[in-house]
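Peer 1: What follows is each chain in one-letter form.
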Amino acid sequence: MEITCAEALVRCLEIEGVELIFGYPGGAILPVYDALNNSKIKHILTRHEQGAAFGASGYARTTGKVGVCMATSGPGATNLVTGLANAYMDSIPLVAITGQVSTAQVGTDAFQEVDITGITMPITKHNYLVKDARMLPGIIKKAFHIARTGRPGPVLIDLPRDVADTKIPFKYPESVELMGYKPTVKGHSAQINQAARQMMEAQRPLIYIGGGVVNAEASEELLWLAETIDAPVVATLMGLGSFPGDHPLFLGMLGLHGNRAANLAVTECDLLVTLGARFDDRVTGRISGFAPQARVIHVDIDPAEISKNVISHLPIVGDTKMVLEALLVRLEKKQNLAWRETIARWKEEFAPKYRERDGYLKPQYIIEEIYRHTDGNCILTTDVGQHQMWAAQHFTFKKPRKFVTSGGLGVMGFGLPGAIGAQFGQPEETVVLVTGDGSFQMTLNELSTAAEQGLPLKIFVLNNRRLGMVRQLQEFYCEKRYIAVDFSFVPNFADLAKVYGFTGLTVTSQEELQDALKTAFQKPGPVLVDCAIDPEENVMPMVLAGKDINDAVDCE
Amino acid sequence: MYHTLAVLVENSPGVLARVAGLFSRRGYNIDSLAVGRTDNPTISRMTIVVEGDERVLEQVSKQLHKLVDVIKIGDITAAPHVDRELVLIKVNANANTRGEVMQIAQVFRAAIVDYGHKNLTLECTGNQEKISAFEEALQPFGIKELVRTGKVAMLRGAKYTNITKTKEED
Ligand SMILES: Cc1cc2nc3c(=O)[nH]c(=O)nc-3n(C[C@H](O)[C@H](O)[C@H](O)COP(=O)(O)OP(=O)(O)OC[C@H]3O[C@@H](n4cnc5c(N)ncnc54)[C@H](O)[C@@H]3O)c2cc1C
Ligand SMILES: Cc1ncc(C[n+]2csc(CCOP(=O)(O)OP(=O)(O)O)c2C)c(N)n1
Chain A
0 MEITCAEALV RCLEIEGVEL IFGYPGGAIL PVYDALNNSK IKHILTRHEQ GAAFGASGYA
60 RTTGKVGVCM ATSGPGATNL VTGLANAYMD SIPLVAITGQ VSTAQVGTDA FQEVDITGIT
120 MPITKHNYLV KDARMLPGII KKAFHIARTG RPGPVLIDLP RDVADTKIPF KYPESVELMG
180 YKPTVKGHSA QINQAARQMM EAQRPLIYIG GGVVNAEASE ELLWLAETID APVVATLMGL
240 GSFPGDHPLF LGMLGLHGNR AANLAVTECD LLVTLGARFD DRVTGRISGF APQARVIHVD
300 IDPAEISKNV ISHLPIVGDT KMVLEALLVR LEKKQNLAWR ETIARWKEEF APKYRERDGY
360 LKPQYIIEEI YRHTDGNCIL TTDVGQHQMW AAQHFTFKKP RKFVTSGGLG VMGFGLPGAI
420 GAQFGQPEET VVLVTGDGSF QMTLNELSTA AEQGLPLKIF VLNNRRLGMV RQLQEFYCEK
480 RYIAVDFSFV PNFADLAKVY GFTGLTVTSQ EELQDALKTA FQKPGPVLVD CAIDPEENVM
540 PMVLAGKDIN DAVDCE
Chain B
0 MYHTLAVLVE NSPGVLARVA GLFSRRGYNI DSLAVGRTDN PTISRMTIVV EGDERVLEQV
60 SKQLHKLVDV IKIGDITAAP HVDRELVLIK VNANANTRGE VMQIAQVFRA AIVDYGHKNL
120 TLECTGNQEK ISAFEEALQP FGIKELVRTG KVAMLRGAKY TNITKTKEED
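From first to last, the protein sequence lines stand for chains A and B.
Read in numbering that gives the first Met the number 0, the first sequence has 338 at position 339, and its numbers run on one by one without any break.
Read in numbering that gives the first Met the number 0, the second sequence has 135 at position 136, and its numbers run on one by one without any break.
No lab work stands behind these hints, which were simulated from the structure alone.
For glycine and all other residues, C-beta sits at the position ideal for the given N, C-alpha and C.
Take every hint as true, because none was put in to throw you off.
Between beta-carbon pairs, the in silico distance windows are:
(1) A103/A <-> T96/B: 52 to 58 Å
(2) D52/B <-> N491/A: 56 to 62 Å
(3) E18/A <-> L87/B: 58 to 64 Å
(4) A16/B <-> F110/A: 22 to 28 Å
(5) V106/B <-> S188/A: 54 to 60 Å
(6) K332/A <-> K158/B: 44 to 50 Å
(7) P534/A <-> D52/B: 46 to 52 Å
(8) K158/B <-> R196/A: 33 to 39 Å
(9) S508/A <-> A19/B: 58 to 64 Å
(10) R24/B <-> S188/A: 34 to 40 Å
(11) R285/A <-> A16/B: 34 to 40 Å
So here's chain B without its partners, still in its complex pose (with noise of 0.2 Å):
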């Protein structure tokens, strides 16, 4: 079964590799790994889908609270959240195509980002579902080049991820 983590780190550097190295180094499949800073700009916020069972998940969570610089950890999978994921495609449309490229950009209300003789570049967020779906649906004309920017998520109402709760109140 699919984990997602929101993982609150120092921003320092090395902390990317720490996390990166945790998992390869004890086994874990990550599926998919998204950083940036948060609006505190010494904190950065992972979401990190990892593949595994009751067990792996609960070692992978106290493994990470293992590294000095990880904060805080919440595993949203059970809980109600949002889930996005943006990608960037870019595929083939030449004067035949170019309208039903178009059209289906539309249906997965997807933008135009860039315009090209042979080719449109086409921007899209969504849940993990309807990314694939899209990129499904532009399969048969022929995908020059994708770029997925992994899961991000964040827990719906008014609970939240932040570090005004420390690791052990958890």
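Chain A on its own, in the form it takes in the complex (with noise of 0.2 Å):
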């Protein structure tokens, strides 16, 4: 029997197991909805389709499945870039599905047409437009693989009119072919049996783990490299939670707001085992500066990354949990007793912390609150700026997929839309946001889907009433020359939340605070507290541009 295009493309979703699509609709993506009524498949509609990407990363974050979302030509396509670069950046499993004019005006200027797939080239991991109905399921089925396997990333499907209401004769492929993607998986034995000889033998080992650790699954992995070479680990904002944060062998968050203690260790380290990392340049400061003592493995599953900011001496080319597991078995238990000791030294020595201010809120307190309240059982999503920071210095994550945030192209707005698809992607679970009063009207139109779909969300909103992370760059780097970055108007965000069916309200003291959280924590339902924070507070410790990372301002 022959089905439309439309009818497959739901077909090959429901085969690939997807629960759930993000999405807003349009007119050129109508026969897809149309054959979306006949299926399992739950559609959230967002407000936004900025707010669909992001919904569909934050779901693909706390899952590990490949987050889908939907949108029409045009306006609808272009509105899902912002979010397609994020997962790009952040290498986040997506399929983007985009309604495309009919193919005989494609080229032609045609209502609502953009060249999706030439805007989006540079930042999906692939794309296709589909001329022929007939390739629709071979190019879902390469379009998932291609998103969720080897270094995963965003890959978008434009979709003509008219090919979708094409009928074809329904097979899904079972395999895929594809002639210039095969992702290397297991590492090189031979390197492997290199890499656990240099970490027998090294005195001051030090293991710096990234967001692919958590791709891979390798936490337990990890948890057993750590112990067995008796190795201290520093992680990447994307890392963090793949190691658990209340381990003595942890030393927190590298990179130019990152621990004291672990840029140090990268400093003074003699081994530095890089796993899942990319050596971003919010992390390696100077690079000449950048573990200047030690020999680097590097395993990535993505060899392009080998090498590229910060010279490896062994690369792995390889899945983490797979090289680790190959690794394990040829190391044994060793201790590094003078380096333990200079480690757990400095992580007394430099333990987070922040000076009290009479009469002002402090951001770091609410983290710290927020933590103690749920014991650190939720998932914590952010938006981008200094509470972003906040949230990941001086709260203790010990699990992976539980912090969502935008790190690579670090997006404002994605907080809330993230925290919807967090939500989706684990219903049991507390779902946190702490945002920015600035990231937060970037994308608070999500509070309506919020609202209609039931979401208990707990918003904490850090709000200082100006863009902080940017006045502070400017104090920095332009001798407090601020400008535009005070609002001189908010709105009354705990009233605003109320409209939209939340429990709102304003805290501006320690007391009021520890109000909100027991209602926040122990109210069922969803409830967005509004912290009047202390507004001239800085992110601290900050390595200043073109400095080592052992070299940063701090607090006193």
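Each of the two chains sits in its own frame; use the hints to bring them together as a complex.
Peer 2: Here it is as structure tokens:
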């Protein structure tokens, strides 16, 4: 029996195990929406396509599954672009489906036509324009395969209206044949042998972990590795949670806003074992000052990351989990007593701290109290800015896939739709959003989605009535010539949230915060707490541009 | 230093844009790019000449590998290889100068592919130095139009760049 290509698309998604689509309809995508009527796939109608892409990303991050988002041609498709760029930078598996004008009209500047495959070429892992309806099932199969394997990323499929309406015999291919795409997952055994030898010989080994450990689901193996070779662990923003944050060997986040003990360990180590991390410029500071004494082992599934920024002495291309499994049988338990003592001393000396200021609520205190009230058992999502860094520094992440944030693109507005996606991914978990008054105002339209879907989000707006992170940059780099960072009008977020059916609270002191935290975490349902924080507070420590990472400005 | 890359790609729409886009986006300098299909109609072959040091070249080829449509890349610069470029040149040639132009063509084993009252169109094949020398030799007569294909290249002897070996085996 023949079915339309749009119906075939929905069938393919069902076979791929898709439970949810985050999307927004329109003319060109009409046939696909029509076909969704007869499917058990749930469609989440967001309030903006960017929210759909971020929602699918939050879902993907918390589940490890491929997130799916959908939009119509033209403006619908361009509204997905930022979300795709974010997914590309943070290696999030995503399949985006866009409607397109009919094939006869493609290239004529037709109504709501944009060349979305052209636009998204540099920000997708791959993309397809479906010109022949019979190709669709194969393309969907390939898209999911490409999105989820190797280094994950977004794949876009552009489907012209007439193609969607074309009838085809339906058959879903069983296997994928891609001549030019065969990710290496198994590490080279000679390289692994050598890595094992270097780990046994090292006196000051350090393990530097990133998002690739989360993606590989290699936390257990990592814990084993660290304890076997007695090496402390530092994590990137994206790696937080893949090693227990309360473990004595954990030194916290490294990088420009990293913990000073973590950065010092990088400077002093003699072997840097890099697992699924990409030496981002937020991490390395001045390259020549990064791990100057160390031999660098780099395990990454993407060969292009090897020696891209920092020269790797021993590269191992492969999946972190598979490489660690192979490595562990070659290692024996050892101890690095002197190194561990040094590390313990630094860890104590540089424990996350902040300065109290009379009459002001400190953002770091809020994060620490959210941790205390939830015992860390929640999914923490953030927006982008100072609040994001305070969350990374002052929350203790104990498990992977519990911290959802935009790292590589650092896109404001990710928070709320990201939290919505996270809640759909893990319906049983408490989802907390820590946001800033700037970021929140970028996508707070999605409060409407959250309300409609009955999501019990717990939102904390760390409200400094300004674009705090940029103000901080202006303080340090523009001699306090502040411009375009202060809001002279900020809505009453608590009242605003009430309109959307949230419990809305405003807090200005520790006592009020404690009450609000009780409400938030003891009462079911959505709660927004607008926290008036110290507007002068900076993110510390901070490595200034061009400096080595062990040379940070810090609060006294 | 200039490197010559032999790149096999799936003959899919947009593949040229993907490759060209990658070079411009990452700031790599393409000196020339020649593309056409191979004996297998689903596969095209590009010869890309790119400028950069070892590190840049390593990144170029790794980033190219990441493109799903790219099947295989060989940097054939260091290996013995044949490379050729074709040029068409339309040059002024009147009754007085025609003989001399034809003599130059002979020296360079160029063919006369079009004969006009006021000009000649010459076709010449060779490596890049030869093509450049040919162009220089014709310069004094006044070149009206010139088109070069960009370099195409192939390994010598029993070695070859084809799809029997996958990317990872290189
Ligand atoms: C305001 C702001 C400040 C920031 N400050 C900091 C900071 O101080 N410190 C910090 O760390 N970050 C900071 N970041 C984040 C930073 O920009 C980068 O996003 C982050 O450092 C990248 O993390 P990552 O190296 O873990 O790479 P990711 O982007 O998570 O990439 C994962 C890596 O793992 C590889 N990989 C994927 N899957 C696998 C697998 N299965 N096996 C092996 N490898 C795999 C990938 O190929 C890739 O190389 C900040 C961001 C913002 C917005
Ligand atoms: C979409 C987007 N635009 C601009 C920026 C630049 N930027 C980074 S942080 C920041 C300020 C964020 O302000 P807010 O959300 O209030 O957080 P705070 O830093 O005050 O905690 C800005 C403007 C960005 N990251 N994303």
